[in-house]
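J.: Here the sequence shown is numbered in full-length UniProt numbering, starting from 1 and rising by one per residue.
Hint data in this document are derived by calculation from the structure and do not stem from the laboratory.
Note that CB positions come from ideal geometry on N, CA and C, so glycine has one too.
The reader is advised that the hints may include incorrect statements.
[To be verified] In silico lysine to aspartate or glutamate, EDC-like type, Cα no more than 16 Å apart, as pairs:
#1 K71 x D105
#2 K71 x D102
#3 K6 x E16
#4 K98 x D68
[Unchecked claim] Pair by pair, the computed Cβ-Cβ distance ranges are:
#5 L48 x P101: 31 to 37 Å
#6 K26 x N85: 30 to 36 Å
#7 K98 x E56: 20 to 26 Å
#8 G15 x L115: 23 to 29 Å
#9 Q116 x R64: 27 to 33 Å
#10 E118 x K19: 24 to 30 Å
#11 L65 x D103: 33 to 39 Å
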Amino acid sequence: MGTFKKQANAAFKRGEYEKALTLYNKAIEQIKDCCLLYNNRALTCIHLNLYSKAKEDLTEWALRLNEDCLKSWLLLAKVHLLENNLEEFHKAIAEATKRNPDDSDFIKGYANQLLQNEKSE
């Protein structure tokens with residue numbers, strides 16, 4: 001996993017999202033039970049406007065592996081907002097807060113920032 005993950009992360013940082021997606025796919029082929037890989041692939045899919053695939057990675061994989069994962073819930077909220085589904089956005093934010101109460105201020109700030117960014121676009 002390490003090599004493909006490192007290569008995928010580097011490609012992502014360079015903005016080479018299609019290459020990153022291919023490399024995350026290879027990393028996941030080697031280790032299927034890593035929440036972080038599914039989160040990273042979901043974020044890559046978001047950059048490629050592959051929202052359905054991002055949601056699948058988050059709901060079918062990442063959150064099944066770790067149902068409390070804050071990053072997964074926040075990425076899911078972001079996908080819902082990008083799809084203009086405010087109801088599901090708020091549900092994901094509420095679930096993130098419920099499962100991570102110590103991070104509630106951060107979650108609220110993140111949600112507000114996403115909403116501000118969406119309004120300004």
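J.: The structure should be examined with respect to each hint, and the outcome stated for every one.
T.: How the hints compare with the structure:
1. A threshold of 16 Å between alpha carbons decides the hint, and for K71 with D105 the separation of about 15 Å falls inside it, so the pair holds.
2. With a C-alpha separation of about 14 Å, the suggested pairing of K71 with D102 holds against the 16 Å cut-off.
3. At roughly 13 Å between alpha-carbon atoms, K6 and E16 fall within 16 Å of each other, so this suggested pair holds.
4. As the CA atoms of K98 and D68 are separated by approximately 9 Å, the hinted pair is consistent with the 16 Å bound.
5. Checked against the given bound of 31 to 37 Å, the beta carbons of L48 and P101, roughly 33 Å apart, stay inside it.
6. For K26 paired with N85, a C-beta distance near 31 Å keeps the hint of 30 to 36 Å intact.
7. About 23 Å separates the C-beta atoms of K98 and E56, a value consistent with the hinted range of 20 to 26 Å.
8. Take G15 and L115: their Cβ atoms lie about 25 Å apart, and the range 23 to 29 Å holds.
9. At about 31 Å, the beta-carbon gap between Q116 and R64 stays in the expected band of 27 to 33 Å.
10. For the pair E118 and K19, the supplied restraint of 24 to 30 Å holds, since their beta-carbon distance comes to about 28 Å.
11. Taken as a hint, the range 33 to 39 Å is violated for the pair L65 and D103, whose Cβ atoms sit roughly 19 Å apart.
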